[in-house]
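Engineer: Chains as they are written, first to last, in my numbering: chain A, 1 to 204; chain B, 1001 to 1204; chain C, 2001 to 2271.
In short, the hints are calculated from the structure, not lab data.
Since we're looking at a predicted model, the values are computed, not measured.
Quick reminder that beta carbons are idealized off the backbone N, C-alpha and C, glycines included.
Wrong hints could be hidden among the right ones.
[Unchecked claim] DEER-style ranges, computed between Cβ atoms:
1. B/E1152 with C/T2252: 22 to 32 Å
2. B/G1139 with A/K33: 51 to 61 Å
3. A/D16 with B/R1121: 22 to 32 Å
4. C/L2043 with A/K33: 51 to 61 Å
5. B/A1106 with C/T2252: 20 to 30 Å
6. A/S38 with B/S1049: 17 to 27 Å
7. B/D1046 with A/S29: 29 to 39 Å
8. B/D1158 with C/N2068: 42 to 52 Å
9. C/Q2169 with A/D16: 23 to 33 Å
10. B/D1158 with A/R45: 42 to 52 Å
11. B/G1139 with A/S29: 42 to 52 Å
Listed below are the residues making up each chain.
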Amino acid sequence: MSNLKSIVECLIFVADSPLSFARICDILSEYDKEHLRSSLIELLRDYNSDERGIFLSEVAEGYQFRTCKANAEFIRRLVKTTTSKLSKPALESLAITAYRQPITRAEIEYLRGVDSGGVLRTLLDKKLIKILGKKNVPGKPLIYGTSRRFLEIFNLRDLESLPTLKEMRELEEAGIFEQQQELPLEDSIENRFPPDLPAVTGKD
Amino acid sequence: MSNLKSIVECLIFVADSPLSFARICDILSEYDKEHLRSSLIELLRDYNSDERGIFLSEVAEGYQFRTCKANAEFIRRLVKTTTSKLSKPALESLAITAYRQPITRAEIEYLRGVDSGGVLRTLLDKKLIKILGKKNVPGKPLIYGTSRRFLEIFNLRDLESLPTLKEMRELEEAGIFEQQQELPLEDSIENRFPPDLPAVTGKD
Amino acid sequence: MASDLEMKISNINAISETDYKVRLDLFEGPLDLLLHLIKKNELDIYDIPISTITRQYLEYITLMKELNLEIAGEFLVMASTLLQIKSDMLLPSFSEEVSSDLDEDPRAELIRRLLEYMKFKDAAIMLDNRDLAGRDLFTCKLVEPQPEISSSEDECLEMELFDLIAAFQGVLKKHPVDTFHEVTAEAVSISERITEILTILQGRNSLRFDELFRNSFSRENLIASFLAILELCKLKMVRILQTGQFAEIFITPAVADTDGAFLSEVSTLYV
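With the sequences and hints as input, model every part of the structure.
Structural biologist: Below is the structure:
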């Protein structure tokens, strides 16, 4: 393993949340961006090519090592599940917030048809949504959006990678709703790194 | 990578302290000990053969993934630039200052019920609060308020955009189910629809 | 239709015989109940037979009442909406002109809401079916001894507005209620006004007195602002300047906006 690749590997391993490419470049500023990019791509290939227990996940606008789903049952024997199950109302409100952010409580309640104050409080407590500010309309209601933690927990690369609402209907009807498709690795990685742009522009 | 090896890899990865072989055998009791041993040996070989950033270390009568020493300098840079969080007492004092400014240390301490000198020092060091002046009462205590940096960190345009406590209370108190109301269903239905139209009848 | 509902409800009732009133969350709300009825009867959502659906909807509410279940107000609002739509549809259309179907259809708004709601119900299921971190995927809990770092001045702080509010709410909970006076009765409170004035002054050298009333020039606002300024003077936090009689009044910070600096002892009042 090349020296640089091993450094990138260490950084991602030690970071306590997904590490963005921009952040890696910042930390290793003496290295050329192109070299960093190719090290990262190699690392992704190393980890994700064969059937390993740990894979390098592209999540929440960054990179993080995670265990594969197939072994989840064994892992749960050792560590407690940290993600508590969300109630149906909570999931519904979270979905609405994710797709319609920035959004006010009144808008969520109109869409759901029921009072959603308590549910929003739960989502705030769980740090899945956050207060973005106040809307500049009479009454200045608070506006909400999903947090970075939401992306981390729900295993999303970024908000754009949320399936579009229409796509979901089709998936459901086709009966392949639960399976996530494996992306062809070569394609996905390289397309995401256009030569002159940093692939992931973290907001760190 | 064999299935069993990947499971062992995952377990060592997620454990929060070095995992002993006996523990691994306990968790994976349905597997043969000899198989587990050879999987572990293979894993050790995989991780420690070439120059990787992460190696599988035998420590404290157990196994744990660690980063190699050679990269320690880079890891230090990561940790140094990692965003830190405020302690609970600090956050509490900051919140009190934000909502009740201008405020003196004695007032903050009265609300918190504990000495807050150290915490205020920290908040001053971090430039989240600042000294606004001296209160014109005996002893001339210093008065504190939040700083410009405070607004920047919380992404607030001004102090007015801090959510009010009333707004937050609404989120807390909102019950999903309201008090049951009497709605004269029968009456309204019968009055609305002339007898020859399909009116609403009782249960099937 | 009531059979399967009754089954579900009686199950709930059996469990909680001790507290007679139970919360029914079989359905998230009226929209959820309507979708259930549409699906159960295999109805076309774009052409809902409103009298059927209204009848079944009301039956359900009656059933809940009979079982002494709490009914959320929203269910009752929807009941009256359905009845409204039903009666609208019974009214003969006086205009003979051909109108585009859905625009004039009293059901249009309801259908739109149902379709929209259906999308988010799907989205909720989609989210739940994902591989969740901490449930299906795990990250390592690193306990590697990390090098000691002295906190530097420009360290990055990560804070969430909600944490701040939650912290303050925590303080308030610990405290006797009478420590705080609610300001709801007053339209404008002096302390709020003080805070506002300080905010406006942050990073500025001066402020014209009339700038304070740009948004609302009410009597309360005027009095509160005036008292706030007097209070700020007393605290030696601002200076008030006027170049001549009836001239513009300026408010300036007593010191420049440098963090932690002390105030000058001079405050001038020419009013």
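Engineer: It remains to establish, for every hint, whether it holds in the given structure.
Structural biologist: Here is how each hint holds up against the structure:
1. Under the hint 22 to 32 Å, the C-beta atoms of B/E1152 and C/T2252, about 23 Å apart, fit the expected range.
2. Hint check: B/G1139 to A/K33, Cβ distance near 58 Å, so the stated range 51 to 61 Å holds.
3. Evaluation of the 22 to 32 Å hint for A/D16 and B/R1121 yields a pass: the beta carbon distance comes to about 27 Å.
4. Range check, C/L2043 to A/K33: about 58 Å between beta-carbon atoms, so the 51 to 61 Å window is met.
5. A beta carbon spacing of about 28 Å between B/A1106 and C/T2252 agrees with the range 20 to 30 Å that was offered as a hint.
6. For the hinted restraint 17 to 27 Å between A/S38 and B/S1049, the CB-CB distance of approximately 23 Å keeps it satisfied.
7. Here the CB-CB span from B/D1046 to A/S29 is close to 32 Å, well matched to the stated 29 to 39 Å.
8. Taken as a hint, the range 42 to 52 Å holds for the pair B/D1158 and C/N2068, whose Cβ atoms sit roughly 51 Å apart.
9. For the pair C/Q2169 and A/D16, the supplied restraint of 23 to 33 Å holds, since their beta-carbon distance comes to about 27 Å.
10. At roughly 49 Å, the beta carbons of B/D1158 and A/R45 sit within the given window of 42 to 52 Å.
11. In this structure, B/G1139 and A/S29 meet the distance hint of 42 to 52 Å, their C-beta atoms being roughly 50 Å apart.
No hint from the list above goes unmet by this structure.
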